[in-house]
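Going line by line, the protein sequences match chains A and B. The first sequence begins at 1 in our numbering and counts up by one. The second sequence begins at 1001 in our numbering and counts up by one.
Since the hints were made in silico from the structure, they are not lab data. It is possible that some hints are incorrect.
Claimed, not checked - Derived pair list, reagent style SDA-like, types lysine to any residue, alpha-carbon separation capped at 20 Å: (1) B/K1032 to B/E1021; (2) A/K36 to A/P84; (3) A/K63 to A/K33; (4) A/K33 to B/V1093; (5) A/K36 to A/T102; (6) A/K108 to B/T1131; (7) B/K1032 to B/L1046; (8) B/K1222 to B/R1184; (9) B/K1032 to A/R159.
Quick caveat: nothing in here was measured; it's all calculated off a predicted structure.
Spelled out, the chains give:
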Amino acid sequence: MILVLHAENRRKYADVLLQHYRIRHDVYVGERKWMKLARADGLERDQFDNDNALYILAMEDNKVVGGSRLIPTLKPHLLSEVFPYLANVRGLPRAHDIYEWTRVHVVKDRREGRNGGPIAGSIYCGILEFCLAQGISSLTALVEMWWLPRFHEMGWELRPLGLPELIEGEWSIAVELPIRPEILVSTREFFGFSNASLMPPEIFSPREELALS
Amino acid sequence: MSTTSSNAYARRAFDFIDAFETCAAPATVLDKLALALKSFGYSSFLVTGVPEPPQRLEPFILLNGWSQDWTSHYIRENYYLDDPVAAHCRSTVDPFEWSDAPIPSKRAAEVMRVAQDFGLKRGFLVPVARTRSVHACVTMSGERPDFEPSAKKAIHLLSLFAHARIMSLLSGNMKPRHIALSPREREAMTWTAAGKSSWEMAVIMGITERTANFLVARAQQKLNAANRTHAVVNAIRAGEIQI
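From just these sequences and the hints, can you work out the full model?
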């Protein structure tokens, strides 16, 4: 199940957030060797892990097994601060209902098959469910080009914001993903899910809770 | 010197991506893709799955924009077995110029030499890494293609979207999408895709040859296919089997 951490509940789940940072260090520094992210305390955090960040975490028996991060695009975020040139053709979409999606990962021993497996699927579906529930109209993201066919397979209609560029040795591109109910349906179908991935209490309805407006 | 700015290349790619989205049939994508690649100096191309040899290429071809002559010769000589460009494609997710593919054998060198004779002078290939079927690619050739870095980036991008559009149109044509082979039919199709005969399949699966034939025939019927090869293609497209 997917748990969403935000400014209001992150103190209650402080230990969960620590697990998440530790896993990110294992994945991004340990496995993918993004050495710029290495930290002595073994917790991978950057300048965007502040009170504006939302964490979409895959939980199993109170253990974190994967996750992802959303940052409001009206605040400083990766594409606005580090890679603005990647969106130099269409321009970087920024609005109160547009979030940037970064750091999607699954712990090593829970990745399965070529589509990433059910944990990966629950993270994708959880994000889409969360966006639909919160009225988030689109996500922006920096993605590796070889992921595009996978997103296409899930029925996602991606809008490139610029040309691909080499980043850390990988062809990568900035894209916008408009959120529509149809892509949640096709993503669930892709992973063979029939139920929601988000933990019910996290589908909170008052939009003020995230100060979206 | 480049006369086209990188922004203009990007716009051109975006326009073609939008055009692919309006295509209602694979043949229309073929026309649009031909137009797109022509604007970068490519006169012919192929959109295809790239199975591991000794599997043959033909069942995996999605859109054929090669000349009839080259296609016939390539198939007759079974060049796919030794095609160094196809081999390199199966080992990378990054686009490359054909001339950057390692030439591991005399026969591989022959494939490239004869391609030249057929007018495929210089080429570029964009790999497409998929989860539900074999990896695929959009590969293209021309006399004097535009090898500007920005041109390559634009082609990288538009190729992935063209492939996605074709796949989505093909899977749409396969509806109802839930063909639902039984586990044994699926296993039989997987062995068929791997080039096994009914007898070999029978030995592997511990069943009689008669049963193996029966499983394949039933899968073929469910997949609305005329023969085994056609059934394998449809099974892959429908996501029933993975190779």
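For each hint, the structure was consulted:
The suggested pairing of B/K1032 with B/E1021 holds, with an alpha-carbon distance near 10 Å, which does not exceed 20 Å. With a C-alpha separation of about 19 Å, the suggested pair A/K36 and A/P84 falls inside the 20 Å cut-off, and the hint holds. This hinted pair does not check out: A/K63 and A/K33 have alpha carbons roughly 24 Å apart, beyond 20 Å. Between A/K33 and B/V1093 the CA atoms are separated by roughly 19 Å; this keeps the pair inside 20 Å, and the hint holds.
The straight-line distance between the Cα atoms of A/K36 and A/T102 is roughly 16 Å, inside the 20 Å bound, and the hint therefore holds. Taken as a hint, the A/K108 and B/T1131 pair is honoured in the structure, with Cα atoms around 18 Å apart against an allowance of 20 Å. Proposed proximity of B/K1032 and B/L1046 is supported: the alpha carbons are some 13 Å apart, at most 20 Å. Restraint check: the Cα-Cα separation between B/K1222 and B/R1184 comes to about 13 Å, which is no more than 20 Å; the hinted pair holds.
At most 20 Å may separate the alpha-carbon atoms for a hinted pair to count; B/K1032 and A/R159 meet this at roughly 19 Å.
In this structure, the one hint that does not hold is number 3.
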